[in-house]
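Could you slot chain S onto chain G? The hints should help.
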Amino acid sequence: MSDIVICLFSGSGYNRATQGVVGAGKRLANQINGRLHALIAGAHDPELNIRVASVADAVVTADQRELIRYQPELHLNVITQICRDIAPRVVLFGSDTYSQETAPRLAHRLGGAAAGDCLELMTDGAAIRVKRSVYGGKAIATIELKRSPAVLWLRARAFEPVDTNLASVTTVRRTRYDLQPDDRTQIIERKSEATGAARLEDARVIVSGGRGLGGPEPFKDLQELAAILGGQTAASRAACDSGWCPPSWQVGQTGKKVAPGLYIAVAIRGASQHMAGISDAKNIAAINIDNDAPIFKNCRFGIVEDYRKVIPLLKEKLAALQK
Amino acid sequence: MNIIVCLKQILDPEIPARDFRVDSEKKEAARGSANLVTNIFCENALETALQLREKSGGRITALTFGAEVAEDTLRKALAMKADAATLVVNDGHPHPDPLAVAQTLAAAIRKIGAFDLVMLGRESGDWGVAQTGGLLAEELGAPCVSFVDHIEASGDGLIVKRQTENGWEKLNAKLPLVVTITNNEFNVPRIPKTRDIMMSARQPITKWTLEEIGVNAAEIRAGGSYSEVVDLTVPVKEVTCEFVSGDTLEQKVERFAERIIEITRAL
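Chains as they are written, first to last, in numbering that gives the first Met the number 0: chain G, 0 to 322; chain S, 0 to 266.
One chain only, chain S, in its complex shape:
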């Protein structure tokens, strides 16, 4: 089974709010001292792919569309034991619109060749657009299942389990298929071994330009034909916390309970 896992490198979403700034000119988060990391749901997707390969075999290609520095995300994927890695270099808009991303990934996947299963994170921790999977499925003409947290091989297809509002659904799926992955207790991404991290530094990464994959490069670089960010601001929040006080634990809890009742009565 040929599996392609799409990964996105993002600004570390765990940076504290007090260190967060936006560049209102570029309508981007300012990089500041924050690290770049692989989006967590993308790592959940890779972990799910690795577990599927361990059980049923297959070949995993990690694919990303990003700046040169996104190579780090692919090195980590290789260290987690993806079989191959491809970077489509983005030298245009720093966050192209979701359709531009989907068209680029689709073109890269066609160039990689035959695929059975394409896996993505359900959304990213920066812009949280949550559309790449669905749009990519349409670009590839494949069906799509989202919020998937488990996959197993079954005959010449798959059984996938997706989360719903209050439970889950299992689907029989034929290949090829696009899935978006959400997290559960079984797909927490593995920590790569030191030896594998060292080996990954020497492994080849395929790099393609937009021209090489045969998309409308000018439109992808402009990256705003589908939707456009016209404003980005940091909301001002003014909340001061009242720490309940009291001489004894009981008094403190009593005050805490009173505040709860005040608020719930007013709802």
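The shape of chain G in the complex, shown without the other chains:
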């Protein structure tokens, strides 16, 4: 009974977060000598299927018509069915909103225990333990899951990918499930902010703006700056709560947890709430008018100046240096 299920929602392809989940599953399977199953729910994505099938021992998809688009109750029901058949020791999810919504409820239905936003997986004899960041990133807790299966969702980018070897690919089993209709909740409308861009969680470089920007307009500059660096734009909670940018841009304990190679904080003071979202950033740089701003305590480098003066010059210099 040491099967592992990685549970993926199709729709974002074989992105960095998915690669991390697959990598974590593979390494855990080697460690506990278990069989690695992958469950892919949602619209049929042959590219994703084949990548996953080159790593996992078995792949099963749930892509029939009713499941093409996410519906909370229906997807939970089918994932529960599949997991009951496999009876895994561990189920791994990514950290997207569908995964976070599904994982605890799945754990409850399987009589297991869940833990979220995991940074590290450990086995200690038969016990499954995880490390997670708590108290807004100020502490790291080790949690032991006391029930089986352990249902875990993993922080994007905290886990390394593994190589996919397309020369050896297992069969993908596409099965139809007998679904009881459940119309207690029904998604009736969807909107994506039109960005072809990668998810914030996957970004290599992030330029982020805070309360000190004073309004929505400066975000245009930050977007241009991000574009020069091939990065993404984000914001602090204060900026999002003020309506200066969409909630999906929010980074922090109450927003997204990101792990870019470089995080440039513009007019962000760096309250612990915000720092909790960037504790995995490899490098942090800041532009702030106040040299006492807590953000500088975690910075690799910084500039103490008014961002209004810095940004136009910085764009110019970066564009020149990039050539």
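Hints in this document: simulated from the structure, not taken from any laboratory.
Please read these numbers as outputs of a predicted model, since none were measured by experiment.
We put the CB at the ideal spot given by N, CA and C, even for glycine.
Errors might be hidden in some of the hints.
Unchecked claim - Just so you have them, the derived chain G footprint on chain S, three or more residues with Cβ under 8 Å:
{"no.": "1", "stretch": "229 to 239"}
{"no.": "2", "stretch": "245 to 251"}
Unchecked claim - Each pair of labels, with its calculated beta carbon distance range:
{"no.": "3", "chain 1": "G", "residue 1": "Arg173", "chain 2": "S", "residue 2": "Pro93", "range": "43 to 53 Å"}
{"no.": "4", "chain 1": "S", "residue 1": "Pro93", "chain 2": "G", "residue 2": "Ala319", "range": "48 to 58 Å"}
{"no.": "5", "chain 1": "S", "residue 1": "Glu257", "chain 2": "G", "residue 2": "Asp56", "range": "43 to 53 Å"}
{"no.": "6", "chain 1": "G", "residue 1": "Gly124", "chain 2": "S", "residue 2": "Asn215", "range": "22 to 32 Å"}
{"no.": "7", "chain 1": "S", "residue 1": "Phe242", "chain 2": "G", "residue 2": "Ser1", "range": "50 to 60 Å"}
{"no.": "8", "chain 1": "S", "residue 1": "Gln50", "chain 2": "G", "residue 2": "Ile186", "range": "16 to 26 Å"}
{"no.": "9", "chain 1": "S", "residue 1": "Lys206", "chain 2": "G", "residue 2": "Ala42", "range": "46 to 56 Å"}
{"no.": "10", "chain 1": "G", "residue 1": "Gly124", "chain 2": "S", "residue 2": "Glu24", "range": "19 to 29 Å"}
{"no.": "11", "chain 1": "S", "residue 1": "Asp230", "chain 2": "G", "residue 2": "Asp84", "range": "28 to 38 Å"}
{"no.": "12", "chain 1": "G", "residue 1": "Ser167", "chain 2": "S", "residue 2": "Asp90", "range": "39 to 49 Å"}
{"no.": "13", "chain 1": "G", "residue 1": "Ser191", "chain 2": "S", "residue 2": "Ile260", "range": "31 to 41 Å"}
{"no.": "14", "chain 1": "S", "residue 1": "Arg58", "chain 2": "G", "residue 2": "Ile187", "range": "25 to 35 Å"}
{"no.": "15", "chain 1": "G", "residue 1": "Ile288", "chain 2": "S", "residue 2": "Ala265", "range": "20 to 30 Å"}
What the hints assert, rightly or not - The list that follows gives simulated cross-link-like pairs (lysine to aspartate or glutamate, EDC-like), each with its CA atoms no further than 20 Å apart:
{"no.": "16", "chain 1": "S", "residue 1": "Lys251", "chain 2": "G", "residue 2": "Asp291"}
{"no.": "17", "chain 1": "S", "residue 1": "Lys192", "chain 2": "S", "residue 2": "Glu53"}
{"no.": "18", "chain 1": "S", "residue 1": "Lys25", "chain 2": "S", "residue 2": "Asp11"}
{"no.": "19", "chain 1": "G", "residue 1": "Lys322", "chain 2": "S", "residue 2": "Asp11"}
Relative to chain G, chain S alone:
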């Protein structure tokens, strides 16, 4: 519509890192001089409930499971104009596991009586477990929608809007329903009026013991049958910030740009 808003009292998450200590024996943050506050997402949930009541009517009960001192969180909820408040007194483990919390809340909700909508914050600012809503929905046998930032009445159900990675989804939902609430620009918690704060001090709060709500009190008090914290440490970070220097703004920005390029090339 009977609305129950679950609230959690936590250690102020805004205390600076330099004042933060852990009690490695108890595997808890040391209280120190930090205040206890209501978790922000719980207040976003209460604010969303208040706005729904203003539009469509209903009755809001604030519910918490915590130490006696969590009464402060309920007083604030009453000052924000919740209709009633219930405290299930936790005299056991200071942070019981997520299933123990969900079972306690579920039992309290059943004792309160009929409910149409249960609202929670999407996660707490202390342990950030982010499971109470989902587990509570399972305990109550109700559907669950998470990351919700807007709710409106529609016929005999609701239309709820939830945030996704890069946008939003709207759902038709039948009652009863459990939702977890995230923040947006429209559910910033209101500041209670002084008069309402004074009035809230005199309002009754229902207090129940674990025995009175009919849960397995011994298991809830132990609070570690689902998961257990086996270690809690403060990570050591050693970063010193290089403040770029230069005689002119231009020189400083030039140096800043060079550092950015150095790092991005190495990525």
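Comparing the hints with the structure gives:
no.: 1; hint: 229 to 239; in the structure: holds (count 8)
no.: 2; hint: 245 to 251; in the structure: holds (count 3)
no.: 3; hint: G:Arg173 x S:Pro93: 43 to 53 Å; in the structure: holds, 48 Å
no.: 4; hint: S:Pro93 x G:Ala319: 48 to 58 Å; in the structure: holds, 56 Å
no.: 5; hint: S:Glu257 x G:Asp56: 43 to 53 Å; in the structure: holds, 49 Å
no.: 6; hint: G:Gly124 x S:Asn215: 22 to 32 Å; in the structure: holds, 28 Å
no.: 7; hint: S:Phe242 x G:Ser1: 50 to 60 Å; in the structure: holds, 52 Å
no.: 8; hint: S:Gln50 x G:Ile186: 16 to 26 Å; in the structure: holds, 22 Å
no.: 9; hint: S:Lys206 x G:Ala42: 46 to 56 Å; in the structure: holds, 51 Å
no.: 10; hint: G:Gly124 x S:Glu24: 19 to 29 Å; in the structure: holds, 24 Å
no.: 11; hint: S:Asp230 x G:Asp84: 28 to 38 Å; in the structure: holds, 35 Å
no.: 12; hint: G:Ser167 x S:Asp90: 39 to 49 Å; in the structure: violated, 58 Å
no.: 13; hint: G:Ser191 x S:Ile260: 31 to 41 Å; in the structure: holds, 32 Å
no.: 14; hint: S:Arg58 x G:Ile187: 25 to 35 Å; in the structure: holds, 28 Å
no.: 15; hint: G:Ile288 x S:Ala265: 20 to 30 Å; in the structure: holds, 29 Å
no.: 16; hint: S:Lys251 x G:Asp291; in the structure: holds, 18 Å
no.: 17; hint: S:Lys192 x S:Glu53; in the structure: holds, 17 Å
no.: 18; hint: S:Lys25 x S:Asp11; in the structure: holds, 19 Å
no.: 19; hint: G:Lys322 x S:Asp11; in the structure: violated, 47 Å
Hint violations for this structure: numbers 12 and 19, all remaining hints satisfied.
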